[in-house]
Amino acid sequence: MNSFTRRRFLGLTGGVAALALAGCSTHAPGGSTDKGDLSGNKDGAMDAFKVGDQFKATDPLNFSIMMLSNPGYPYNAHWRFFTDLTKMTNVSLSATVVPLSDYNQKVGVMIGAGNAPMIIPKTYHPAEQQYISSGAILPVSDYLDLMPNYTAAVSKWNLQGDVDQLRQADGKYYLLPGLHQDVWVDYSIAVRTDILQKHGLSIPQTWDEVTGLLQALKAAYPGKFPMSDRWSSTPPGPGANSLLAILGAAYNTQAGWNYQHTTWSAAKGQFVYTGAMDEYRQLCQLLNGWVSQKLLDPESFTQSDTQAEQKFANGDSFVISANAQEVVNTYQKNLAGTPGATVQKIPVPTGPAGATKLGTRTENGVMISASARNSKNFVAMMQFIDWLFYSDAGKLFAKWGEQGVTYTGSVDDGTFKLEPDITWAGLNPSGKQNLQVAYGFFNGVFAYGGSTALLNSQFPAQELTFQQVMDSRKTLPLPPPAPLDAQAQQQTTLWGTSLLDYVNQQTLKFILGQRPLSQWDSYVNELKGMNMDKYVTAVNDAYANYKKNHG
Amino acid sequence: MVAATGPGAARTEPLRSGRSSRIQVGRGYRVFQVFNVLILLAVVAATLYPFLNLLAQSFSSETAIAAGHVDLIPKGFNLTTYKTVMSDPVFWENYRNTVEYTVVATLIAMVLTTCYAYVLSKRNLKGRGFLIGVAVFTMFFNGGLIPNYVLVNDLGLRNSLWAIVLPNAISVFNLLVMKAFFENLPSELEEAAAVDGLNTYGILLRIVLPLSKAVLATMVLFYAVSFWNSWFSAFLYMDHANYFPVTVYLRNLIAGATSGSNEGASSDTALQVAANIQAVTIVLTVLPILTFYPFIQKYFVSGVMLGAVKG
Amino acid sequence: MTIPRILEPPGSTQSGRAAAAARRTARARRRRTSWRKALRRDWRLYSLAVGPLLFFAVFRYLPMIGNVIAFRWYQPGGNLFGEYWVGLYYFQMFWDDPTFWHVFANTLILGALSLLFTFPAPVILALLLNEIRSSRFKRFVQSMSYLPHFLSIVVVAGIIMQLLSDTGPVNQLMQAVGHAPVEFLQQSGWFRQIYVSSEVWQTAGWGTILYLAALTTIDGQLYEQARIDGANRWQQTWHVTLPGIRPTMVTLLILNIGTFMAVGFEKILLLYNPLTYSTADVISTYLYRVGVQSGSFSYAAAIGLFESVIGLFLVVTANLISRRVVGTSLW
Numbered sequence: 001m002n003s004f005t006r007r008r009f010l011g012l013t014g015g016v017a018a019l020a021l022a023g024c025s026t027h028a029p030g031g032s033t034d035k036g037d038l039s040g041n042k043d044g045a046m047d048a049f050k051v052g053d054q055f056k057a058t059d060p061l062n063f064s065i066m067m068l069s070n071p072g073y074p075y076n077a078h079w080r081f082f083t084d085l086t087k088m089t090n091v092s093l094s095a096t097v098v099p100l101s102d103y104n105q106k107v108g109v110m111i112g113a114g115n116a117p118m119i120i121p122k123t124y125h126p127a128e129q130q131y132i133s134s135g136a137i138l139p140v141s142d143y144l145d146l147m148p149n150y151t152a153a154v155s156k157w158n159l160q161g162d163v164d165q166l167r168q169a170d171g172k173y174y175l176l177p178g179l180h181q182d183v184w185v186d187y188s189i190a191v192r193t194d195i196l197q198k199h200g201l202s203i204p205q206t207w208d209e210v211t212g213l214l215q216a217l218k219a220a221y222p223g224k225f226p227m228s229d230r231w232s233s234t235p236p237g238p239g240a241n242s243l244l245a246i247l248g249a250a251y252n253t254q255a256g257w258n259y260q261h262t263t264w265s266a267a268k269g270q271f272v273y274t275g276a277m278d279e280y281r282q283l284c285q286l287l288n289g290w291v292s293q294k295l296l297d298p299e300s301f302t303q304s305d306t307q308a309e310q311k312f313a314n315g316d317s318f319v320i321s322a323n324a325q326e327v328v329n330t331y332q333k334n335l336a337g338t339p340g341a342t343v344q345k346i347p348v349p350t351g352p353a354g355a356t357k358l359g360t361r362t363e364n365g366v367m368i369s370a371s372a373r374n375s376k377n378f379v380a381m382m383q384f385i386d387w388l389f390y391s392d393a394g395k396l397f398a399k400w401g402e403q404g405v406t407y408t409g410s411v412d413d414g415t416f417k418l419e420p421d422i423t424w425a426g427l428n429p430s431g432k433q434n435l436q437v438a439y440g441f442f443n444g445v446f447a448y449g450g451s452t453a454l455l456n457s458q459f460p461a462q463e464l465t466f467q468q469v470m471d472s473r474k475t476l477p478l479p480p481p482a483p484l485d486a487q488a489q490q491q492t493t494l495w496g497t498s499l500l501d502y503v504n505q506q507t508l509k510f511i512l513g514q515r516p517l518s519q520w521d522s523y524v525n526e527l528k529g530m531n532m533d534k535y536v537t538a539v540n541d542a543y544a545n546y547k548k549n550h551g
Numbered sequence: 001m002v003a004a005t006g007p008g009a010a011r012t013e014p015l016r017s018g019r020s021s022r023i024q025v026g027r028g029y030r031v032f033q034v035f036n037v038l039i040l041l042a043v044v045a046a047t048l049y050p051f052l053n054l055l056a057q058s059f060s061s062e063t064a065i066a067a068g069h070v071d072l073i074p075k076g077f078n079l080t081t082y083k084t085v086m087s088d089p090v091f092w093e094n095y096r097n098t099v100e101y102t103v104v105a106t107l108i109a110m111v112l113t114t115c116y117a118y119v120l121s122k123r124n125l126k127g128r129g130f131l132i133g134v135a136v137f138t139m140f141f142n143g144g145l146i147p148n149y150v151l152v153n154d155l156g157l158r159n160s161l162w163a164i165v166l167p168n169a170i171s172v173f174n175l176l177v178m179k180a181f182f183e184n185l186p187s188e189l190e191e192a193a194a195v196d197g198l199n200t201y202g203i204l205l206r207i208v209l210p211l212s213k214a215v216l217a218t219m220v221l222f223y224a225v226s227f228w229n230s231w232f233s234a235f236l237y238m239d240h241a242n243y244f245p246v247t248v249y250l251r252n253l254i255a256g257a258t259s260g261s262n263e264g265a266s267s268d269t270a271l272q273v274a275a276n277i278q279a280v281t282i283v284l285t286v287l288p289i290l291t292f293y294p295f296i297q298k299y300f301v302s303g304v305m306l307g308a309v310k311g
Numbered sequence: 001m002t003i004p005r006i007l008e009p010p011g012s013t014q015s016g017r018a019a020a021a022a023r024r025t026a027r028a029r030r031r032r033t034s035w036r037k038a039l040r041r042d043w044r045l046y047s048l049a050v051g052p053l054l055f056f057a058v059f060r061y062l063p064m065i066g067n068v069i070a071f072r073w074y075q076p077g078g079n080l081f082g083e084y085w086v087g088l089y090y091f092q093m094f095w096d097d098p099t100f101w102h103v104f105a106n107t108l109i110l111g112a113l114s115l116l117f118t119f120p121a122p123v124i125l126a127l128l129l130n131e132i133r134s135s136r137f138k139r140f141v142q143s144m145s146y147l148p149h150f151l152s153i154v155v156v157a158g159i160i161m162q163l164l165s166d167t168g169p170v171n172q173l174m175q176a177v178g179h180a181p182v183e184f185l186q187q188s189g190w191f192r193q194i195y196v197s198s199e200v201w202q203t204a205g206w207g208t209i210l211y212l213a214a215l216t217t218i219d220g221q222l223y224e225q226a227r228i229d230g231a232n233r234w235q236q237t238w239h240v241t242l243p244g245i246r247p248t249m250v251t252l253l254i255l256n257i258g259t260f261m262a263v264g265f266e267k268i269l270l271l272y273n274p275l276t277y278s279t280a281d282v283i284s285t286y287l288y289r290v291g292v293q294s295g296s297f298s299y300a301a302a303i304g305l306f307e308s309v310i311g312l313f314l315v316v317t318a319n320l321i322s323r324r325v326v327g328t329s330l331w
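In order, the protein sequences belong to chains A, B and C. Throughout the first sequence, residue numbering follows the numbering used here, covering 1 to 551 in sequence. Throughout the second sequence, residue numbering follows the numbering used here, covering 1 to 311 in sequence. Throughout the third sequence, residue numbering follows the numbering used here, covering 1 to 331 in sequence.
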């Protein structure tokens, strides 16, 4: 009776309280190219801040920040991370603490109501898009000259193309992304290596070899499904979304949780509709083969993760999708009771696309409220963000803390080691002090991205071998930017939703054999009847417009 | 005067009608009684089983849960998750917040709802239709998330107890049910009291409320449970962890245990949150209500007052 | 001897007519009284209403201005009133969207089916409990029956998935009798049954609390009189018990009719998948997939207003019908 139905709060937003409307001012529409005069905003800033400098504000400053509190290491204002940060940079942070469970919603409400903090981290693209047309967030691409470390990283690691993916129709981007030197592949499939050994089977390298492996396992255990998958509840994909995602990459298309409506076809020089691609059909065909030969559990696409994990833990299945965390925390732990059981995440099998790696080099990042622009400490704030999130020193500090206190050695030459009493994830399991809980370092809000050396310092040995194999693979080329403007976005939203629903539904039907793949062409025609061509035209027009206006 | 009700009476008191019909009634009724008990036992099984399963899980080891071996008995009995949660001072601080919010909110909600329900139950009151309409309309039309947020913000209620208590003070559902109960009270009672010199407030306090213990107890239960379980208002209007109620704390724990997958290749670390955290959460939030409920149940004794009228 | 009033079937025209007559006099009396006289006579009553009215005004009606964005171009983070008027643009948008009507139909069907089964269940359970002699057993059953109300939706969805999985108890039972296993959650034909049964299971026990409270208000003497007149237990239930809880039942029924379109968003979200969209997709889940983009707030607000108008209309109609047919109503 007192329940706040989701429909209500997702739907009926907006409007204003007539009471005390003084606080609700109209924001100027975004998109002005004139970033204005910054002379009044330089209080506390360093005069000649450049790469390699330690940022230190000339006056003690305070910035408001949206602080996601992760239940694994709940926010603690007295963390050493914060005290040391203030000592080094002369900046203190006042945090609005938000639980992880509903972070995006709170961000949305606070921005919508006009009282969001200045710094909003943990923003995953394209979540920032909804706030752009109202001018509530800053077009950060206009202010890159205030951020030397960021620009240096982009040019050093050749990230311009990746960053361009974030650009909007006005040519600017509104999110400062996390930057990785190289693509970090985390998702693949994990197999019961002990079972493989028992039957003299080898680790598959290609998807065809995976099929062979599953067939061999089926022959050895006819009553079981060799593979029962998980991660079916994450949008936008239809189910078993991680498996579909890596298959999509292997087949030169996009699927699962990487599904996007349009895929860039370099051969045709334009975007095509993903769900209608022949490569997508091949993907469905492979999986349909697995299901009809009873190699893949048909429940994979709808069951909960718990159910899939249970089957794997009970030895009812032997292959499952995985990432590094899950292998250690879930699969190996659950199999601890089974003697001799070993689980290993294998390098992502390859397909027609060859030895490629799927992933992006940009990840979640920081949004900045437009109101921060008017603060007299604006320039100092940008420098602070630049130092903490993008400088080598800042990233190392946020991740591992201080040399001599929390770690010894250096990440660049492989001598890095955590102090023995300090534990984090798989490292130093016997340590008493948890790096994140006790000290506040390696906090997901601040510590992400960086050089490959920095990234490798966090991996245990098993994961390192996986990473080394994946590192040698080719990165897929990026599509050119084709951002839709607000008008086009509104128009295509409804088309997109029904198209996606239909693609998901039919994908599952094809895979599960409820619809024969011979009907593929009629399926494509049905998609055409749902405005597929109009959607693709809108995207291609956006691409052409962007190319014309911004080169 | 409490009337002796219950089917037992039918058999012990002699009926004016013939002996044969008494036996007939008895046998058919006894069969029904047996079926009744069976049905109710089935209901108990269906509702108790999942809860016992959860209880067992909360005391079981992770491997046993992961393999799906836990049924009604805990396997690998341990108190680890309970200890982890209950040794966290933040957990207790949040629990205290929950109790505080629930008590204050229920009190205010009960006062407002009872007053308004009593007013609405007076059929002769001019403007009654309008007053009812005011309430019913709000059941369907709602401003939405952001206007409510802006309002609470502008009233300066953020980060205070009142942000949780005030915006949800009256549930129109409870209001209308209470009104129906008040309307059902015989008007002779109030008329007699008025003759005796009591004014409206006196009648309400001395006559109506004591006679409405059942519905008042029910509404206290409904409001208390709803405030106890609510997390959304607190999540929205509180910006500091020490203001959160325990439901936000526990909800966050559950999210931490199940998140990570759709954030792609995030560099967030392994979360050592237990597999049975959901089970522990439910047990910890439900237990107080289960202990509180028997106190309410005693008000559901039949025929408390009405005999007093006749005479 | 004359048949006492209590043995007349509930809702008979005689009682209905009497009640209607009483209401008409009351209404006439209200209209005859002027405001000044009413205030002078009932000022204490009105004073009791001041606090609640203040609550409604500030916390319910003030934010309602927010619904204006259904008629304006709104961008999150911008002007809270929206940028400019677009009239019925968003209403047109959902009116023309065939998917909307499909999910609208699903919402109606799912809501109506839920109502059909979840409304009588607590009544029946309460009546069954009423027949139990041992108060200890009665209290035990009653306390256990409401436990599902406290299970979080995530846990309930998990339970349902486990029950209906390939290797779960239901399919094991089916295989034991020689039937092939059925993928219940992947077939749209099963979704409604699954949803409604889980709703009944979760709400029946909690719902009996109110009815048990209502049962206590029935005058014990009525039972006495019925017994003296030779009524057996079944007749007593029909002529005394049911009429006794009728006001509660009618109130709850009208309220539930008004809100029947508010089907459980979270539960459906956790249980549905693309294979079951045709029966499982409702307005709230559809809007969730439409997602959060700049125009979708206004779109969702327009749909929300549409649903609200329907709800209000249903409640008013239900109230009217109830007044004519049964004699009791909300107002």
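Be aware that one or more of the hints could be misleading.
What the hints assert, rightly or not - Each pair of labels, with its calculated beta carbon distance range:
no., chain 1, residue 1, chain 2, residue 2, range
1, C, Ala176, A, Lys534, 47 to 55 Å
2, A, Lys376, B, Phe295, 28 to 36 Å
3, A, Asn104, B, Val31, 32 to 40 Å
4, B, Val31, C, Ala176, 28 to 36 Å
5, A, Thr415, B, Phe292, 58 to 66 Å
In case anyone wonders, no lab produced these hints; they're calculated from the structure. If you're wondering where the values come from, they're calculated on a predicted model, not measured in any experiment. Cβ coordinates follow ideal geometry from the N, Cα and C atoms, glycine included.
How the hints compare with the structure:
1. One distance hint, 47 to 55 Å for the beta-carbon pair Ala176/C and Lys534/A, holds here, with the actual separation near 53 Å.
2. In this structure, Lys376/A and Phe295/B break the distance hint of 28 to 36 Å, their C-beta atoms being roughly 59 Å apart.
3. Take Asn104/A and Val31/B: their Cβ atoms lie about 59 Å apart, and the range 32 to 40 Å is violated.
4. Checked against the hint of 28 to 36 Å, the pair Val31/B and Ala176/C passes, with Cβ atoms roughly 31 Å apart.
5. Under the hint 58 to 66 Å, the C-beta atoms of Thr415/A and Phe292/B, about 60 Å apart, fit the expected range.
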